[in-house]
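Asks: Dock chain B against the given chain A, drawing on the hints supplied.
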Amino acid sequence: MNLWVNNQPVDLLKGMTVRHALIQADLVKEIEKGKKVYDEWGNEVGLDGVVEEGQRFEVK
Amino acid sequence: MRSVRRTERAIQKKWIIGWILVLSLLVAGAGFGWAGEEARLRILYLNDFHGYAEPHRPVGSSEAIGGIAHLAAEVNRLRVGQPTLLLAAGDMIQGNQWANFFQGASVLRVMNTLGFDALVVGNHEFDFGQEVLKQRIGEAAFPVLGANVEGLPEIKPYVLKEIEGGKVLIIGAVTEDTPVMTHPRNVAGLVFLSPESTIQRILTAHAPEADLVIVLSHLGLPADRKLAQQVKGIHLIVGGHTHTRIEQPLKVNGTWIVQAWEDGKVLGCLDLMISKGGIRLSEGRLIDIKPGREPVKEISALVEEFSRRVKGELEEVIGEALVDLEGQGARRQETNLGDLLTDILRIETGADLAVLNGGGIRTDIPQGPIQVKTVLDALPFNNFPVVLRLSGKEIREVLEQGVSDLGGHGGKFLQVSGLRLIYRQSAPPGNRVQEIRINGQPLEPDREYLLATNDFLAAGGDGFSVFKKAFPDQASSPDWKPEPGSGKVVLYDRGRTVQELVIAYIKRQKKVTAATDGRIRSRE
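Residue numbers (the numbering used here), protein chains in the order written: chain A, 6 to 65; chain B, 14 to 537.
In isolation and in its complexed conformation, chain A is listed as follows (with noise of 0.2 Å):
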């Protein structure tokens, strides 16, 4: 299941989280930080929230 996260490529299985998408694009170190994760519609979603096939989120 393909997905991006900040426009870099993710390869995730189905059921995944938006956690599993941050450990692979090394950026799970940014939400320790206190930066957020948005999805392309612009609203906030949590680390465990279910990813879709195909969708855009960005970390902010």
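Computed cross-link-like contacts, DSSO-like style, restricted to lysine-lysine with a CA-CA straight-line distance of at most 30 Å:
#: 1; chain 1: B; residue 1: K174; chain 2: B; residue 2: K147
#: 2; chain 1: B; residue 1: K239; chain 2: A; residue 2: K65
#: 3; chain 1: A; residue 1: K41; chain 2: B; residue 2: K264
#: 4; chain 1: B; residue 1: K264; chain 2: A; residue 2: K65
#: 5; chain 1: A; residue 1: K40; chain 2: B; residue 2: K425
#: 6; chain 1: B; residue 1: K386; chain 2: B; residue 2: K324
#: 7; chain 1: B; residue 1: K481; chain 2: A; residue 2: K34
#: 8; chain 1: A; residue 1: K34; chain 2: B; residue 2: K303
#: 9; chain 1: A; residue 1: K40; chain 2: B; residue 2: K303
#: 10; chain 1: B; residue 1: K481; chain 2: A; residue 2: K65
#: 11; chain 1: B; residue 1: K303; chain 2: A; residue 2: K41
#: 12; chain 1: B; residue 1: K289; chain 2: B; residue 2: K245
#: 13; chain 1: B; residue 1: K425; chain 2: A; residue 2: K41
#: 14; chain 1: A; residue 1: K34; chain 2: B; residue 2: K386
#: 15; chain 1: A; residue 1: K65; chain 2: B; residue 2: K303
Partial list, computed: chain A residues near chain B (C-beta under 7 Å):
#: 16; residue: L18
#: 17; residue: K19
#: 18; residue: G20
#: 19; residue: N48
#: 20; residue: V50
#: 21; residue: G51
Per the computed footprint, the stretches of chain B lying under chain A, defined by three or more beta-carbons under 8 Å from a beta-carbon of chain A, are:
#: 22; region: 226-236
#: 23; region: 256-264
#: 24; region: 467-481
These aren't lab readings, by the way, just hints derived from the structure by calculation.
Cβ coordinates follow ideal geometry from the N, Cα and C atoms, glycine included.
Replies: Same frame as chain A, now just chain B:
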């Protein structure tokens, strides 16, 4: 004289009847009745609570938020003088230890006390197995919905609720991917149908009876948007699954969509104005839940009661370590705790081999009684087991990555089970693995083996990108349907953590011991 009295009585009677009629109309106008011009219905909603009953501090946050007793105070405040529905969009009973130790019974007690009107099953409602789920449904004082789940009659497809003269049709739908998000045994015999066609069928049959149609969804925001695009006649989707903080209700193809983030950090509140002419959104918002507001005492008492019991559960002695089990060296070398944990992971998942990252093993387990919290201290991360079908060539790549940084600072050094590994420390990274043997035989590059690991490594944590090769190419096949047990992903169990597998194993064995047996050796 008598006729004058009779006339006075008749006038009094008419006045009384008149006042009753006026009062009835006033009451109807203030409520949800359809006789009035426009009626208000308030919908309060929560999703992905995951048993976070106490206020907690999420990663990256400087303050504690949430707390179900504080959320209850908001619910009670918002209910005053309003016809109200309180809805839960799934994943309520599993996650935090406050829920898990009681297989969700603690959450049901709170939900019943709070007076929920309906719950849709989320994928995590299946995590304790079907018998436990039936038990939880039996305890619920509200309908538990899931129209697209076939095979468990206790789960109802929809509920038609009458509120002060108005009829609200609430249809439940859960993600079709549920079978790949929990252990296959938890969904054995169940079929998860297409939400769109299932909802369409119910709408055709029952929407004409209803004044308002709500889908209580555990599908996730992208799927909710798709549902709104494809199926006409849904006024509102109250969603969950993607843990999305939708600050303002979205409108897609005439359908309102809401979702209230996660873990009871916010409460969703939506005010609808309903009339014969249609449904109008008056206001929608999320209310932050924080300690500070006076909690509801009855809910606080329940939270405290179960928290005390969690403490007791954490201190429960589950077995005995016959020797000191060393975990702290697991980032640099084979340790006996690393051997034990990977052996347990391999045995409990039925895999041929198992690997765990040394960085995930944080403390030793000293000789003597083992408490639940001893295991949780040694394995503090809530990682879930994954079993992948990998070729011998891919397994070699996994093991190469495990010895690519031998400084002991990172956590990627692998503890292993089911194989023996010899590596050369002085060789360049990528060429360090010298020998791999399985059951005394050399690893065969083209043969497939079942390798158990955790979801952190499977997701590519610590640079283990090689695992991605085992993932199905879903990008080229948007209609890909998960089939647990087949293909390269044999198991991805988000219902039971690796910690819980270890606790269950120690409980069964009573006494555990392990000695390093030289399964990982450096040639130098």
